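Please construct the entire structure, taking both the sequences and the accompanying hints into account.
Listed below, chain by chain, are the residues.
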Amino acid sequence: MQSSSSLLEKLPLTPLSKPAKGAMGKTGSWRTLKPVIDLNKCTKCGLCWLYCPEATVIFTKEEGPKIDYVYCKGCGICAEECPAKAIDMVREF
Amino acid sequence: MTILGLPEEEYIMSGNASCPGCGAALALRHVLKALGKRTVLVIPACCTSVIQGLYPRSGIGVPVLNMAFEATGAAASGVVAALKAKGKDDITVVGWAGDGGTADIGIQALSGAAERKTDFIYICYDNEAYMNTGIQRSGATPYGALTTTTPVLGKKEHKKDMPMIMAAHKIPYVATATSGYPKDLYEKVKRAKELKGEGTKYLHILSPCPPGWRYDSKLTVKISKLAVETGLWILYEIDRGKFKLSGPSKRLLDPSKRKPVEEYLKLQGRFRGLSDEDIREIQRWVDENWKNIEKMMETE
Ligand SMILES: Cc1ncc(C[n+]2csc(CCOP(=O)(O)OP(=O)(O)O)c2C)c(N)n1
Ligand code: SF4
Ligand SMILES: [Mg+2]
Chain L
1 MQSSSSLLEK
11 LPLTPLSKPA
21 KGAMGKTGSW
31 RTLKPVIDLN
41 KCTKCGLCWL
51 YCPEATVIFT
61 KEEGPKIDYV
71 YCKGCGICAE
81 ECPAKAIDMV
91 REF
Chain X
1 MTILGLPEEE
11 YIMSGNASCP
21 GCGAALALRH
31 VLKALGKRTV
41 LVIPACCTSV
51 IQGLYPRSGI
61 GVPVLNMAFE
71 ATGAAASGVV
81 AALKAKGKDD
91 ITVVGWAGDG
101 GTADIGIQAL
111 SGAAERKTDF
121 IYICYDNEAY
131 MNTGIQRSGA
141 TPYGALTTTT
151 PVLGKKEHKK
161 DMPMIMAAHK
171 IPYVATATSG
181 YPKDLYEKVK
191 RAKELKGEGT
201 KYLHILSPCP
211 PGWRYDSKLT
221 VKISKLAVET
231 GLWILYEIDR
241 GKFKLSGPSK
251 RLLDPSKRKP
261 VEEYLKLQGR
271 FRGLSDEDIR
281 EIQRWVDENW
291 KNIEKMMETE
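Chains as they are written, first to last, in the working numbering: chain L, 1 to 93; chain X, 1 to 300.
Keep in mind that a hint or two might mislead.
Distance condition first, Cα-Cα at most 20 angstroms in a straight line; then the derived SDA-like pairs of lysine to any residue [to be verified]:
{"id": "1", "chain 1": "L", "residue 1": "LYS61", "chain 2": "X", "residue 2": "LYS37"}
{"id": "2", "chain 1": "L", "residue 1": "LYS66", "chain 2": "X", "residue 2": "GLU10"}
{"id": "3", "chain 1": "X", "residue 1": "LYS37", "chain 2": "X", "residue 2": "THR2"}
{"id": "4", "chain 1": "L", "residue 1": "LYS44", "chain 2": "X", "residue 2": "ILE3"}
Far from chain L, by Cβ distances over 10 angstroms, these chain X residues were calculated [claimed, not checked]:
{"id": "5", "residue": "GLU10"}
{"id": "6", "residue": "ARG29"}
{"id": "7", "residue": "GLN52"}
{"id": "8", "residue": "GLY53"}
{"id": "9", "residue": "PRO56"}
{"id": "10", "residue": "ASP89"}
{"id": "11", "residue": "ASP161"}
{"id": "12", "residue": "ARG214"}
{"id": "13", "residue": "ASP216"}
{"id": "14", "residue": "SER217"}
{"id": "15", "residue": "LYS218"}
{"id": "16", "residue": "PHE243"}
{"id": "17", "residue": "GLU281"}
Bear in mind the hints are in silico, worked out from the structure with no lab data behind them.
Because the structure is a prediction, the values reported are computed rather than measured.
For glycine and all other residues, C-beta sits at the position ideal for the given N, C-alpha and C.
Right, dumping it as structure tokens:
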């Protein structure tokens with residue numbers, strides 16, 4: 001175990017926060033509905049990526065969209081805006 | 001690398017504290033794509049200071065100076081002066097504040113900064129109430145909206161025209177935008193950034209808020225677009241004094257091209273108490289705003 005004084009020395013001088021994912025924790029646990037993408041219907045237009053407020057849609061032109069379920073809050077915007085209707089909102093439990 | 005013409009880099013970190021479907025978070029994500037890494041944000045008390053999340057992490061990928069509610073314009077002026085003294089001229093200073101922090105308590109500090117030609121970008125994200133403290137009315141709350149301080153009857157006054165107040169300061173750039181048109185927003189922030197050295201640039205972004213406006217979080221983009229399509233929210237730029245409609249608003253000068261305001265209002269619980277007379281009053285207000293735009297375009 002570390003002594004409390006050595007822990008104190010490791011704290012920054014000012015309360016400076018550093019950018020990192022999960023500043024509010026694993027926000028995927030907030031979800032009641034989960035977006036599930038049917039890649040057979042998906043045309044890889046990228047609109048789900050464009051409109052995600054949370055930056056939880058990872059998109060490449062080759063592979064299309066993938067959702068980061070650790071942080072996706074399940075707002076449903078991607079499913080609502082998908083022109084190909086390729087995203088379903090499915091109950092979590 | 002770009003996707004749909006926008007940079008792939010993200011400066012909004014996933015797992016921040018914004019509500020599901022937050023229009024302000026969506027707008028900030030694209031604003032930061034346009035601004036890039038060499039940016040300092042000044043953020044007063046508002047939802048965004050909450051969105052940052054809890055120490056020791058920050059949900060925003062650029063340096064942020066958290067400031068008192070009323071002081072964004074003054075604090076940003078200080079940051080601009082400090083960077084100048086240090087000879088750092090490649091950093092964009094941006095004030096990012098809510099409608100309460102801009103149209104109400106922060107208007108004095110902002111007006112002073114603009115009048116002094118402070119070289120920064122000021123962005124008001126407008127969710128049309130004091131959301132962070134529980135949906136109290138602001139000067140930017142629209143007519144008829146229910147808030148916790150305008151219960152039962154809804155607000156009786158129309159929205160304060162903040163972008164035009166800023167235009168009256170004769171600053172080099174004023175623009176309006178909304179979360180549902182990220183590309184339009186991105187281009188406007190880029191333009192504001194380009195005008196570095198010319199004084200204060202002002203952007204006003206209508207940002208739908210699911211809990212405050214009382215709608216299902218999936219509708220944020222739809223409602224944002226309807227605000228424009230009904231003509232309630234007009235997209236424009238005033239670039240070095242030259243007024244120009246932008247995006248879908250360009251084809252809406254003709255009233256027959258505008259959707260009826262009901263289409264926007266009926267999706268939101270905050271407008272559930274409107275009478276037919278109230279709806280007519282809102283439509284009248286929208287049509288009058290457009291007449292003023294028309295007059296302004298004629299005199300140019
Ligand atoms: C001088 C002062 N008065 C009141 C508050 C409490 N307060 C914190 S945030 C806020 C509302 C912010 O509203 P707005 O600027 O519209 O941002 P939003 O929360 O809607 O994003 C209030 C009243 C404060 N921090 N300081
Ligand atoms: S209250 Fe509204 S503006 Fe604030 S974080 Fe939630 S959705 Fe966004
Ligand atoms: Mg607000």
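Comparing the hints with the structure gives:
1. LYS61/L / LYS37/X: 24 angstroms, violated
2. LYS66/L / GLU10/X: 16 angstroms, holds
3. LYS37/X / THR2/X: Judged against 20 angstroms, a Cα distance of about 16 angstroms means the pair holds.
4. LYS44/L / ILE3/X: Holds: LYS44/L and ILE3/X sit about 11 angstroms apart, inside 20 angstroms.
5. GLU10: For GLU10/X, whose nearest Cβ neighbour in chain L is about 4 angstroms away, the distance does not exceed 10 angstroms, so it is violated.
6. ARG29: 6 angstroms, violated
7. GLN52: 7 angstroms, violated
8. GLY53: 3 angstroms, violated
9. PRO56: At about 6 angstroms from chain L, PRO56/X fails to clear the 10 angstroms cut-off, so the statement is violated.
10. ASP89: 24 angstroms, holds
11. ASP161: 27 angstroms, holds
12. ARG214: Correct as stated: the minimum Cβ-Cβ distance to chain L is 15 angstroms, above 10 angstroms.
13. ASP216: 7 angstroms, violated
14. SER217: 4 angstroms, violated
15. LYS218: Violated: least Cβ distance 3 angstroms, not greater than 10 angstroms.
16. PHE243: 28 angstroms, holds
17. GLU281: 30 angstroms, holds
In this structure, the hints that do not hold are numbers 1, 5, 6, 7, 8, 9, 13, 14 and 15, in rising order.
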